[in-house]
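So you can see what is in the structure, the chains are spelled out below.
Number of protein chains: 2
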Amino acid sequence: MHFRIQKDYLVRGVQDVMKAVSSRTTIPILTGIKLVADESGVTLTGSDSDISIESFIPIEENGKEIAEVLQAGSVVLQAKYFSEIVKKLPKEQVELEVGSHFMTRIKSGKSEVNLNGLDPEEYPHLPQLEEHHVFHIPGDLLKHMIRQTVFAVSTSETRPILTGVNWKVYNSELVCIATDSHRLALRKARVEGRNIPEDFRANVVIPGKSLTELSKLLDESEEMVDIVVTENQVLFRTKHILFFSRLLEGNYPDTSRLIPNESKTDIFVNTKELLQAIDRASLLARDGRNNVVKFSTLDSDMIEISSNSPEIGKVVEEVQCEQIEGEELKISFSAKYMMDALKALDSTEIKISFTGAMRPFLIRTGNDDTIVQLILPVRTY
Amino acid sequence: MHFRIQKDYLVRGVQDVMKAVSSRTTIPILTGIKLVADESGVTLTGSDSDISIESFIPIEENGKEIAEVLQAGSVVLQAKYFSEIVKKLPKEQVELEVGSHFMTRIKSGKSEVNLNGLDPEEYPHLPQLEEHHVFHIPGDLLKHMIRQTVFAVSTSETRPILTGVNWKVYNSELVCIATDSHRLALRKARVEGRNIPEDFRANVVIPGKSLTELSKLLDESEEMVDIVVTENQVLFRTKHILFFSRLLEGNYPDTSRLIPNESKTDIFVNTKELLQAIDRASLLARDGRNNVVKFSTLDSDMIEISSNSPEIGKVVEEVQCEQIEGEELKISFSAKYMMDALKALDSTEIKISFTGAMRPFLIRTGNDDTIVQLILPVRTY
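Chains as they are written, first to last, in our numbering: chain A, 5 to 385; chain Z, 5 to 385.
If you are wondering where the hints come from, they were derived from the structure by calculation, not from laboratory data.
Each residue gets a CB set at the ideal place from its N, CA and C atoms; glycine is no exception.
A few of these clues could be false.
To be verified - Cβ pair distances, simulated, as ranges:
1) Z:Ser27 to A:Lys91: 31 to 41 Å
2) Z:Asp230 to A:Arg16: 29 to 39 Å
3) Z:Glu227 to A:Val15: 38 to 48 Å
4) Z:Thr352 to A:Gly67: 37 to 47 Å
5) Z:Asp372 to A:Lys91: 48 to 58 Å
6) Z:Arg16 to A:Thr384: 30 to 40 Å
7) A:Lys91 to Z:Ile33: 24 to 34 Å
8) Z:Lys220 to A:Asp144: 37 to 47 Å
9) Z:Gly113 to A:Thr259: 54 to 64 Å
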């Protein structure tokens, strides 16, 4: 293998595939990045066997030459060293050549690095997915949907299925649901498809970690991302990147009954003011008792948020609301869950719907039903 | 105690004194910040008993009202909670009032926080220094002098005296020296004084940690900092801050004989090019053998920097020099020490003077003798 390449593109490609490389893998070759050069360009691959990322650098893009492949071939290079070196090379042009025993020479200006390479034949093959059904979704929307749900997955391995986000496709609609059994985040969107039968259904659970890494690779652009779902793998494909993730096995709990249809108290309030008041109220509560704050309606348009940590002190916050409809209310909940939910809702005003102090409550944005955040209260009153 | 104050000033003052507060102190009251209000303003104090910082907020500055003291008094508040709360208060105006049992109410807008305070009488008194001799030095110069020396102190407690920086004053000159016995940094500057006798000498050792914290408090401004040195304390005074540090006990080694007066090889080279070449050469060497790189003259104006880690690979870097004078040379040294030294020298071009492969070498900037960096080589050739 022998090629010349623009450093910027190589750096970007290496950074992308590095997101899948773990230094704590039990399979030694997976600490490396696989490079393959052929007449069309250079392909980089990184994998921790749960997530695999392939980044393709074409020989030219929009008429601009990016790479020149002098000899096709492949090699695996230690990701840790290779990624550091590429970033620090002195010139815009990089030359990479594999010699005997996979010894790889990387040249740029007056800098010459020789890295011991590994046999690319040892590197595991990426999953080959049958592309019967392909969905499309704009990259920026996908990125938002991930951000608005993935924070609510469980971090505990007691119920492994809850460490993933449940993705359901039916009737051209994608529904993403995450819950750690104390709170739930739900986000819906329309998806387009290719060759999708009328009655097509998909119901899979994608590891939260995979979605978090995928989200880092996505730009805030409307460019379409292709999604291929199979029984045990999901593939996301952008212009130059293939992102594979294994799926979690098992049945995701039915969450539909959790979401109340009616409410007894509805509060309309400015998101930022509520968020900041809860943030302050929780300052003294963070070390003790699970970071719980008390929330109560004061009169027609005022709420009080408070916390009390006898050893440290107490905080009382009043927040003016747009409107309070329905019954008076006193309730307690995790300040962290509430702040997570408020940050996920991209809206200046939000609506909180309570059905009593012991029942889960909903946080939504005005009349938009594509996003719902649900939190279970804590018994303190 | 009861006062109103502009939040910005309170936040800044708290941030300043927080640099002295440690959560790992054995004296519980030192986890707090002491507040004292009187007719002139509000004074904040933080201390870990090695470093003490006092920040003064006047009731007015340049005709602008900053604070209004309604009742003089004092209290000690938990630094961790107080500092977080002040930062997050909603309005520009903050009101603070101490009630019975030092319970302290902090109000801002519709936010009210009550913190359990501690008895200020329990708080240790700051050292009272006799100001016989006071030196002055511009704040920005002091900040630079610290940055250019403190990195070279020892991090090991085997010889505690080397964890400090040796400050010597004689003949209106301040000399700062730091060494961990493998390298040495020296920086000199003129200082002005008040009531300084002709034959005045000072020779103290200031803990590196104290200087690092002091440096964070100093602005890049020419405003003068007063320095008072006593037998076991040093005080730095800026417009609104008093910074006390204890001194290290013991005799600092005489380093003057370490610095060679002659040289056999002098190399003039661009700082950034050398720094980047060494950075790359050291990439593969970091995990093994103390991060050592080899350095050799190639011909009249070229040097080669290389490293070899048999398991990973090797790097060879060539750097074009301005000039090489004297004998040919092959030497090995710690890449980290060299990079630290080069970063400390604020100069685009530097001169390295060697007196053989086994002797310490000097790195300087042109003909400026106020700063010297010295490194001991490592035997590998």
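Need the list of violated hint numbers for this structure, in ascending order.
2, 5, 7 and 9
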